[in-house]
Amino acid sequence: MDAEKIVSIAMKEGFDEAVVNISEASEKYLKIANSKIDSVVDKRGISGSLFITKKNRVFFTNIEKVDEAHVKSKIKLAKSMVERLPPKEDYYGIAYGPFKYGKSSGYDKEIKEREELVSEFAESSIEGAISQKGTERSKVYGTVYTEYIKSELVSSGNVHAREDRTVLRMSMRQINGGTSFQDFALSRDAKGIDPYEFGKRVGEMTKSVSGVGRIKSGNYDIVYAQSPGGALLSNINTMATIGSIETGSPLKGRMGKAVAAAGVSIYDDRTRRDSVEHSEYDDEGHPTQKTGIIVNGKLRSYLHNTSTAIKYMAESTGNAGLVEPSAGQMVLTHKKRRKDLEELIREVKRGILITNTWYTRFSDYLAGNFSTVPRDLAVYIEDGERKFQIRQGDAESMVGIRISENILRMLQNMELAADDTKQSTSWDSEGASYFMPSVLVRDSQVSTA
Amino acid sequence: MKEISEIAEYALKLAESAGGEYAEAYFENSEATFYSVEQGRLNGSGHVESSGLRVRILKKGSMLTLSTNNLSRRNLERLIRFRPFRGTSISLSDENKASVRSVLKPRKEADPQKLLDGVLHIERGLAEKKYIKYRSIYAGVGKASSLMVNSEGSRVELESPSITSFMNFIVSKGGESRQRMMQFGGVGGFEVFDDSKILEHVEEEARNIYNVIDKGISISKIESSSIKSVVISPEITGIAVHESVGHANEADRVFGREAAQAGLSYIGKKELGSNVGSSEVTIVDDPGIENAYGFFFYDDEGVRGRKKIIVKKGLQSELLTNREYAARIGKKSTGSARSDDYSNEPLIRMSNTYLEKGSSSLDELVSEARNGVYIKSYTEWNIDDTRSFSRYQGNEAYLIKNGRMMEPVKNYALEKKTLDFWRALKMKGNDLEMFPGICGKGEPMQGMPVSMGGPSALLVFG
Chain L
1 MDAEKIVSIA MKEGFDEAVV NISEASEKYL KIANSKIDSV VDKRGISGSL
51 FITKKNRVFF TNIEKVDEAH VKSKIKLAKS MVERLPPKED YYGIAYGPFK
101 YGKSSGYDKE IKEREELVSE FAESSIEGAI SQKGTERSKV YGTVYTEYIK
151 SELVSSGNVH AREDRTVLRM SMRQINGGTS FQDFALSRDA KGIDPYEFGK
201 RVGEMTKSVS GVGRIKSGNY DIVYAQSPGG ALLSNINTMA TIGSIETGSP
251 LKGRMGKAVA AAGVSIYDDR TRRDSVEHSE YDDEGHPTQK TGIIVNGKLR
301 SYLHNTSTAI KYMAESTGNA GLVEPSAGQM VLTHKKRRKD LEELIREVKR
351 GILITNTWYT RFSDYLAGNF STVPRDLAVY IEDGERKFQI RQGDAESMVG
401 IRISENILRM LQNMELAADD TKQSTSWDSE GASYFMPSVL VRDSQVSTA
Chain G
1001 MKEISEIAEY ALKLAESAGG EYAEAYFENS EATFYSVEQG RLNGSGHVES
1051 SGLRVRILKK GSMLTLSTNN LSRRNLERLI RFRPFRGTSI SLSDENKASV
1101 RSVLKPRKEA DPQKLLDGVL HIERGLAEKK YIKYRSIYAG VGKASSLMVN
1151 SEGSRVELES PSITSFMNFI VSKGGESRQR MMQFGGVGGF EVFDDSKILE
1201 HVEEEARNIY NVIDKGISIS KIESSSIKSV VISPEITGIA VHESVGHANE
1251 ADRVFGREAA QAGLSYIGKK ELGSNVGSSE VTIVDDPGIE NAYGFFFYDD
1301 EGVRGRKKII VKKGLQSELL TNREYAARIG KKSTGSARSD DYSNEPLIRM
1351 SNTYLEKGSS SLDELVSEAR NGVYIKSYTE WNIDDTRSFS RYQGNEAYLI
1401 KNGRMMEPVK NYALEKKTLD FWRALKMKGN DLEMFPGICG KGEPMQGMPV
1451 SMGGPSALLV FG
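Quick mapping for you: the protein sequence lines, in order, are chains L and G.
Per the working numbering, the first sequence starts with residue 1, numbered consecutively.
Per the working numbering, the second sequence starts with residue 1001, numbered consecutively.
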């Protein structure tokens, strides 16, 4: 049974609205541990969702099978549940089409069909990582992940949307002489990543700084590589969703005001065709768009679906979430730029280069106060030069420092960016990816072990 | 169940035909009804169900995991075959053959409508408190059943209900605010969800946090660093046990399997059996605690979950293992292999992890501390990837002067190296409490229900 038929059955049961999304997915991933392939996972399945409303009562359920009996049982369940719910007073309806979508970016046949691809990429990246002389051969770790999704979205609002897409993600961490480095590579197709070169660069970075030292707690300029900078600042997109504004966000009440350095812009954008999160439509079938959340330092827009847009007399930004709007992909740009990371480092008198962070936790979400823990390679910079890698403890690969910041202060003190924007992610961002350059943030608080 | 049994047995037969050393088929069905209320509005409600099969085949030392929710014979025949790859050489520990059927009956039947009534009752109660600026409640009730059969003749059938709820609120006065997230629930029926008690508890916490804003003092960095005696509550003990001891003793982390994801450990092969705390420190992981959020009978590999003493009187004692890592260290599995869903590979996970209690009252701990800080709850916490350096930022915290609890303190953070933290533990309270949580590990990330806890304790730093 296809999505259109399911919508038709639901509407015959007397619902006011129905949105059905059915996807067929195939995921393959493997884990690299101690420079060997540790395990391979092959997941295949159908997943779907059914969103229905009746007299402003809204209900969501998933669909795992598309046979008639299963679908009818789900609709029956939805009917019995929705009648017992109180109405959602601030619900204003789904998107009404028809909509014209851009051309789908399509899928890569190699990712979809070649079962051996994940193993080949893993082996090649391990070879690259240990290719340099004197490299420890047994300390490469990571994952190779591929996904093919074919999905169809139909709603009672005259919406029909379809897409096929593929994703390739690699993560690699290498430890070499006690120094560790981790990086990520993402692409829509297999040609977008050269696994050997990716592994080789990770290996080279473990040898990029000689000498180990300690620093004292205090204030430092921070140069963030793309992965950690993006992991921290992609929180802005979530904070800009209208649901966050309603329940507590540091962006509340600041519309039109300066919230970042003058040249900084942050967009929410799933329209980029090279993005692993590219989609022409959101969860209710409204076309996606590039939305300037912060433009040239000023807060310009919150993120909406159709219902919240009506509530606030705004336009949908293509960020459904049916229950509430959700953030898409963060894209950060800065007008004040230097050529590359090296030139950013030259601007620093006393600072730290951060290449990975994790355990970012907000102590005060409303104010935007957080702390984050750098891991892997962290380099002390003095007078524009790398001096030593920071290690405050005895454990191998331990950095032992913590950055305490405020997310708006971080944006206001973002003085420069490098011309090295790339699509990246982080284990800390739990799958979210972003387009991010390396950035220089002045005067952050650092505590040490 | 007969149909599921036939599917699992058929899948096992297909997996065995690959001719490997080991094969296993694991079927799981789970369902939950959930409600989300924000600022008085029922924001979302729904029902989700997940049903599917996972097959693992170990051949020539390589472990392949396959999963699908299309259970037709034709699809299984297409999917279940071994694809060779050059991998780590894996072997599994020898375990007793299991033949088990266990159905955990709730003492009070879990009814979604009753849960919604409870959530709305809590919401109405919190709405009356003007100092709570933002509030949101999420609650879900569900049940899960599974069947595991393997090529060694084990057959384990399990069923259990659970309820979980999250309360998020922000308290503010003037321009100052503090946030709090509290989780309630466990494995069981309505015996683990009492909306009146939850409301009472949340109201008390909100009042106390408002008092911190209203009457709390800020201390300087110098004053903060000079504090030597810290009394921690069961909540702080619990998060420290989980983050700095439980995770550090997961064998896959010790042996590097999680290095690119959830990280490494300060425990290496050389540190097994070494001193990691004072003689007061005995830390246990026990899946058998009734109604606790990390309760289970058997793990996903069909091994009975048992009580593990991770640290005994200050000495590292036992790693958490699955069958693969148990074989590596020549022991039997501790029954710690769990997945958050049939479609993901089982990983080594904690269950209910806690510091064993002592005999002192909170007053005695405070009296013994003389001068210092008592931390009752935290806002932010984090730890480095070797589990060596952690911070717990106080939310509700108080100064201790001359052995008495005094005014609230707004900005104290307990930031210590792990071994310094546990070696500083001098006295333990008799007030052991457990707290539910969702623990993240792996890639793709798997969120696993656990609980963590312990008693209040006095830490004295040199």
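Treat the hints as calculated values from the structure; they're not laboratory data.
Using N, Cα and C, we set each Cβ at its ideal position, and we do this for glycine too.
Mixed in with the good hints there might be a few duds.
[To be verified] Derived lysine-lysine pairs resembling DSBU-like cross-links, with alpha carbons at most 35 angstroms apart:
| no. | chain 1 | residue 1 | chain 2 | residue 2 |
| --- | --- | --- | --- | --- |
| 1 | G | Lys1143 | L | Lys216 |
| 2 | G | Lys1357 | G | Lys1143 |
| 3 | L | Lys65 | G | Lys1410 |
[Stated by the list, open to error] Partial list, derived from the structure: chain L residues whose beta carbon lies under 7 angstroms from chain G:
| no. | residue |
| --- | --- |
| 4 | Asn34 |
| 5 | Ser39 |
| 6 | Gly97 |
| 7 | Tyr101 |
| 8 | Val323 |
| 9 | Ser326 |
| 10 | Lys336 |
| 11 | Asp340 |
| 12 | Leu341 |
| 13 | Val373 |
| 14 | Ala395 |
What hints, given by number in increasing order, does this structure fail?
1, 3, 6, 7, 9, 10, 11, 12
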